[in-house]
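Q: What follows is each chain in one-letter form.
Number of protein chains: 2
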Amino acid sequence: MNKMVKVVIAAYGITPFTKDDQKIESVLLKSAKNLFDNNPKINRNDIDAVLVSTNSNSKYLSPILSEMAGIQPKIAHSVESLCNSGTNAIVSAYSYIASGLADMVLISGAERYDSPGQILEWDNSRGEFKHPIFWASIFTKSYKREFSISDEDLAIVSVKNHKQAKENPNALTMDTCTVQDVMNSKKLTDDLRVLNCSRPCTGSASILLASEEAAKKITDMPVWITGIGQKTISAGFTKHASFSSMESTKLAGQTALKMANHNTEDIDVVEIHDAFSVCEPIALESLGFSSTGDGIGIVKALHETDNFKINPRGGLIGSGHPLGATGIAQTIEITQQLQSNAGNRQVDSAKVGLVHNMSAAATSSTVLVLEK
Amino acid sequence: MNKMVKVVIAAYGITPFTKDDQKIESVLLKSAKNLFDNNPKINRNDIDAVLVSTNSNSKYLSPILSEMAGIQPKIAHSVESLCNSGTNAIVSAYSYIASGLADMVLISGAERYDSPGQILEWDNSRGEFKHPIFWASIFTKSYKREFSISDEDLAIVSVKNHKQAKENPNALTMDTCTVQDVMNSKKLTDDLRVLNCSRPCTGSASILLASEEAAKKITDMPVWITGIGQKTISAGFTKHASFSSMESTKLAGQTALKMANHNTEDIDVVEIHDAFSVCEPIALESLGFSSTGDGIGIVKALHETDNFKINPRGGLIGSGHPLGATGIAQTIEITQQLQSNAGNRQVDSAKVGLVHNMSAAATSSTVLVLEK
Chain A
1 MNKMVKVVIA AYGITPFTKD DQKIESVLLK SAKNLFDNNP KINRNDIDAV LVSTNSNSKY
61 LSPILSEMAG IQPKIAHSVE SLCNSGTNAI VSAYSYIASG LADMVLISGA ERYDSPGQIL
121 EWDNSRGEFK HPIFWASIFT KSYKREFSIS DEDLAIVSVK NHKQAKENPN ALTMDTCTVQ
181 DVMNSKKLTD DLRVLNCSRP CTGSASILLA SEEAAKKITD MPVWITGIGQ KTISAGFTKH
241 ASFSSMESTK LAGQTALKMA NHNTEDIDVV EIHDAFSVCE PIALESLGFS STGDGIGIVK
301 ALHETDNFKI NPRGGLIGSG HPLGATGIAQ TIEITQQLQS NAGNRQVDSA KVGLVHNMSA
361 AATSSTVLVL EK
Chain B
1 MNKMVKVVIA AYGITPFTKD DQKIESVLLK SAKNLFDNNP KINRNDIDAV LVSTNSNSKY
61 LSPILSEMAG IQPKIAHSVE SLCNSGTNAI VSAYSYIASG LADMVLISGA ERYDSPGQIL
121 EWDNSRGEFK HPIFWASIFT KSYKREFSIS DEDLAIVSVK NHKQAKENPN ALTMDTCTVQ
181 DVMNSKKLTD DLRVLNCSRP CTGSASILLA SEEAAKKITD MPVWITGIGQ KTISAGFTKH
241 ASFSSMESTK LAGQTALKMA NHNTEDIDVV EIHDAFSVCE PIALESLGFS STGDGIGIVK
301 ALHETDNFKI NPRGGLIGSG HPLGATGIAQ TIEITQQLQS NAGNRQVDSA KVGLVHNMSA
361 AATSSTVLVL EK
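Same order as they appear, the protein sequences are chains A and B.
Each step along the first sequence adds one to the number in this note's numbering, with nothing skipped, and position 348 is 348.
Each step along the second sequence adds one to the number in this note's numbering, with nothing skipped, and position 245 is 245.
Honestly, I wouldn't trust all of these hints.
It does not matter which identical chain is used: a pair holds within one copy or between any two.
Only pairs whose alpha carbons sit at most 25 Å apart, straight line, appear in this in silico SDA-like list of lysine to any residue [claimed, not checked]: (1) K141 to K300; (2) K239 to S26; (3) K239 to N38; (4) K23 to D114; (5) K33 to T238; (6) K33 to E121; (7) K239 to A69.
Derived from the structure by calculation, the hints contain no laboratory data.
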């Protein structure tokens with residue numbers, strides 16, 4: 001790994017997550033437009049690549065976005081890997097810059113509330129349950145049983161993340177909730193209630209990556225991508241060795257931290273892929289932020305002290321989950337935190353942040369380390 | 001551009017193009033299996049990335065292929081850009097290796113005969129004609145009018161490419177045809193008959209890219225990617241400045257040849273994206289292989305001397321066009337030619353080859369230069 005190549009997050013754009021019924025092309029353009037509006041120094045002729053992250057069935061979205069945004073890039077295509085499409089596109093953009101094929105890459109992620117990426121037909125091990133609540137239920141039951149965790153304990157993830165989302169102007173909802181609200185919400189399976197789940201929604205998020213030199217023209221608050229880790233274990237859920245840990249997350253985290261030359265104690269702010277409540281403590285454990293079975297202890301302690309360190313924008317549960325935009329929105333949140341630009345969500349003196357984005361019951365994961 | 005980084009085509013796999021009604025996952029696996037069967041020295045644990053090129057609406061195909069093929073990659077996602085998805089995936093794989101994020105990348109492209117990538121709903125300029133014959137008709141009419149080319153002249157592209165496809169064991173059909181056969185084939189529009197068109201089909205093609213060091217373990221006949229050029233002009237057809245030339249192809253070709261430090265005279269064998277007869281002469285002109293309006297002259301001269309220099313495997317018209325696999329199949333053909341492994345299709349002493357792959361009426365193009 002060539003640590004000498006420096007890639008910068010030079011700009012970003014994001015718009016509110018909603019339940020709007022809009023064409024994917026319109027959704028996609030919104031955050032790109034927001035990015036350009038907020039960064040008038042960007043010359044569109046300098047953009048070498050446009051990568052679109054989405055699960056939409058619409059084709060040729062990168063040339064379409066490029067045409068609408070007035071860009072004629074060299075490289076243009078869509079990237080799909082279910083829920084971690086966004087960070088897959090970011091890592092691809094990083095590699096285009098680090099390899100010298102591009103100096104500036106726009107990555108735009110977008111999804112509609114009715115995304116076809118919510119179902120994984122291929123995975124027969126899910127039986128009739130094609131929806132992710134199948135694996136989330138098994139994770140929840142396994143985690144509770146193995147570590148004597150209660151439904152009330154897990155509800156705190158949702159309570160905390162809804163509280164934090166209230167400070168995020170782009171979140172799907174501003175509603176807060178109590179443990180009792182979670183416990184009283186509609187029962188979906190033995191182990192899952194509706195407030196334990198992130199909700200699909202319509203939204204987009206865009207970032208511009210640039211080489212160190214190219215970024216100088218655009219920003220004087222560069223945020224660097226210093227660590228990258230990715231791992232795919234399988235596609236099918238039942239290939240997991242354990243239903244209460246995330247092997248792909250563990251390996252991706254180790255690789256990213258090693259590349260960045262950091263350990264978990266150095267990380268000031270974290271975006272965790274909390275597709276369901278149980279994902280937050282399990283991911284914290286697999287990433288090494290806590291010992292096995294004690295992830296929920298961290299969540300509780302942070303919640304009680306109103307510390308926004310984990311999922312400051314409200315996570316997927318609080319912000320909504322527009323699949324192809326999620327990894328990019330997570331990366332924008334860490335960027336805002338490192339730039340001390342996160343408003344009421346700001347974590348004190350954040351210098352190093354981590355993004356955790358995963359797909360399909362953590363059968364694959366991406367971890368990024370960002371630094372100012 | 002860092003010309004010092006060397007990326008090798010270390011292995012490939014391909015299976016016949018058909019009209020079979022098979023699941024996309026099965027189609028995808030076939031060429032990957034062929035690649036591994038033919039290259040027993042590959043250690044699957046060395047594969048850092050698996051990129052899938054397709055227009056299929058099926059999601060998470062890279063982790064699915066990885067699981068079926070016994071690979072647990074770091075990087076895994078699908079790439080889509082209509083008909084040049086394949087070369088987009090190849091260039092992405094190149095950048096992962098050149099950046100140091102990967103040493104070995106499997107790229108597998110696959111499509112079914114009923115691919116959703118055949119229609120571009122978004123492009124309103126096509127009116128009610130969503131199918132590519134809309135733009136192909138306009139290109140054909142414009143090219144014929146501008147350079148006084150006849151339907152019989154253009155028919156020779158199809159005659160030549162069907163003749164060449166007969167020597168390609170993976171081609172969709174072994175049928176040859178005469179100019180009169182083309183002229184008598186079913187009329188689709190004023191300017192297009194069915195034998196002027198490439199046909200959608202079911203097929204897959206896989207290649208393995210590797211760093212110079214990693215490739216040494218696998219092959220002693222390395223083929224190097226020495227030139228890369230890509231350009232997107234627009235998504236909509238009517239944004240073209242001309243309907244009888246291909247601006248994206250011209251710019252991509254110039255970039256690729258410059259990077260490889262070659263000019264067109266150095267190129268011994270060429271894969272051209274002949275989605276329709278007219279595309280072959282226009283692309284030859286835009287790439288600089290002939291002066292404007294004389295592309296068909298080259299085609300005729302090669303045909304009359306049984307010289308397979310242009311589209312030795314039969315092009316898209318002769319081989320069939322499984323969208324996501326096409327760019328990879330083209331790259332495999334040039335690799336076989338440079339390795340003197342192309343059987344009856346072999347072009348004499350081929351040392352430098354070029355791949356031209358494009359999408360949506362040449363609104364975007366990729367050009368690769370390969371060398372042995």
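Q: Output the numbers, in ascending order, of every earlier hint that fails for this structure.
A: Violated: hint 3 alone.
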